[in-house]
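S.K.: Given next are the chains, with one letter for each unit.
2 protein chains.
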Amino acid sequence: MSEQYIGVFDSGVGGLTVFKSIMESMPSENLLYFGDTAHVPYGTKSEKQIRKFVLNDVAFLHRFPLKAIVIACNTADSVAGQLLRETYPEEKIFGVIEPAAAEAVRSTVNKKIGIMATKATVASKAYDRAILAKDPTMDLISVPCPLLVPLVENGRFEKDDPVVRMVLSEYLEPLIRYGVDTIVLGCTHYPLLKEAIQSLAPEIHLISSSDAAAKVLKEAFPAEEGQGIRRYFVSDDRQQFADNASRFIPDLQGEIEQVTLE
Amino acid sequence: MSEQYIGVFDSGVGGLTVFKSIMESMPSENLLYFGDTAHVPYGTKSEKQIRKFVLNDVAFLHRFPLKAIVIACNTADSVAGQLLRETYPEEKIFGVIEPAAAEAVRSTVNKKIGIMATKATVASKAYDRAILAKDPTMDLISVPCPLLVPLVENGRFEKDDPVVRMVLSEYLEPLIRYGVDTIVLGCTHYPLLKEAIQSLAPEIHLISSSDAAAKVLKEAFPAEEGQGIRRYFVSDDRQQFADNASRFIPDLQGEIEQVTLE
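If you read the sequences in order, they're chains A and B. Everything in the first sequence is counted per our numbering, starting at 937 for the first residue and increasing by one. Everything in the second sequence is counted per our numbering, starting at 937 for the first residue and increasing by one.
Think of the hints as simulated: they come from the structure by calculation, not from any bench. Watch out, some of these pointers could steer you wrong.
Repeated chains share a single entry, so a pair holds when one copy, or any two copies, can fit it.
[Unchecked claim] Derived BS3-like pairs: lysine-lysine, alpha-carbon spacing no greater than 30 Å straight-line: (1) 1130 to 1055; (2) 956 to 1151; (3) 1055 to 956; (4) 1028 to 1095; (5) 984 to 1047; (6) 988 to 1154.
Chain A with its partners taken away, still in its complex shape (with noise of 0.2 Å):
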């Protein structure tokens, strides 16, 4: 079934981390990329807005043949991603937040794990749960960063900008002050700020959500000969997208397409 596609979906272009994680480690797969960028950001809107937005978003992904779905967002995973998995029950959805939960257990020593995401996430608790469900002795907290989206997507990520390391000292204040040995980046967005963290918490091991999700899939589909195809989908303006993906992958290769929802 060479035909079939790997269809990943994200409100704008944070879900790009994930599916730059599995370009490079499932090359042969042929991979659709859909992002929801009239709609961007998921994050700050309610649950309801969302699940109806990640709705329109996976029946888009339906006008292809698909041998799995990737929810490449926290935010719609944690609000969406059992929605989803109940509408289509024959469907394989795979998420970002059961890997990242995952690996943070395997990783922690200490048994103390932070989170780092959106409002959104953090107030579903769906990373406590997903945690909790494997190792209720995990001592867990979460902090909310708000500031990180907007500046991943204005290009401030660099470790050495100043902006950057004052918002993100007092996101990690009260991380580091709880003594925690691993965190969570619980948004696609936040692999681009993964080294900017690491040299403010240096002895901390930070899972990124993006990578781990990728590792999952890998797990499930068995390596092909060849190369996939990879097309790039969104619902504002495609110039626009293609400047801010490049800060995500580079040397994004493949058309973008613009389409109308609903």
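Place chain B on chain A using the hints.
M.R.: Frame of chain A; chain B shown alone:
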């Protein structure tokens, strides 16, 4: 025609600075606010998408008898103001850009005016056109300030907040170096940052597009006795809007209703 409303709209909560100025200066008017919170922010979307949203916003306002429409968002006014006036030639449509441009021209002594606004507003060059149409000898410099809306929306606008000071200093630096004596706060979120900006640039005259718009509106309608109605409508969650709105209008009165567009 006392049952008529002045309809005010914005992408979210920012337009409440305009609404507040109108409430204070025109207490007898019936005022209606619509915040398109399902699609906030507009400032990062494409022009085509913004125009689509704005036409939907105004179509919603037309469910009510209107005496005037106020575009309480610089991005919407700069990108879709002309389209709205062409689409509804019979309506009295008020924006924020024309009033703020006029006040800036009246205010400046050295003819050097700075404009702080969203990326979309700066890219539209709407302020340049409006100011130079009044006086082509004006010397203008514009700075896109993409981090200010996320800061304000997260309650970060106090003048002693170190992140606010650092970000503002960065945006103000080219304006101060250019020698402007007047700065247009070309986004309806920015009046909340006025005190912080003034403390970093004490010699510069700050023009609030929100206050300027309310002044022009007041001149158009004669003062009446009595107390008008206030109604609020949003396209996403009511509670979330109420929480965010409290930063703009601490004692917001009147009911908030959620509506579905399209």
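S.K.: Each hint should be assessed against the structure and marked as holding or not.
M.R.: Hints versus structure:
With identical chains, the CA atoms of residue 1130 and residue 1055 are at most 30 Å apart both within one copy (19 Å) and between copies (26 Å). Taking the shortest alpha-carbon separations for residue 956 and residue 1151, only the intra-copy value of 12 Å comes in at or below 30 Å, while the best inter-copy value is 52 Å. In this homomeric assembly, residue 1055 and residue 956 come within 30 Å of each other (Cα to Cα) both inside a single copy, at 25 Å, and across copies, at 28 Å. In this homomeric assembly, residue 1028 and residue 1095 never come within 30 Å of each other (Cα to Cα): the closest approach is 37 Å inside a single copy and 50 Å across copies.
Taking the shortest alpha-carbon separations for residue 984 and residue 1047, neither the intra-copy value of 34 Å nor the inter-copy value of 50 Å comes in at or below 30 Å. Proximity of residue 988 to residue 1154 under the C-alpha cut-off of 30 Å is restricted to the intra-copy arrangement: shortest distance 29 Å within a copy versus 40 Å between copies.
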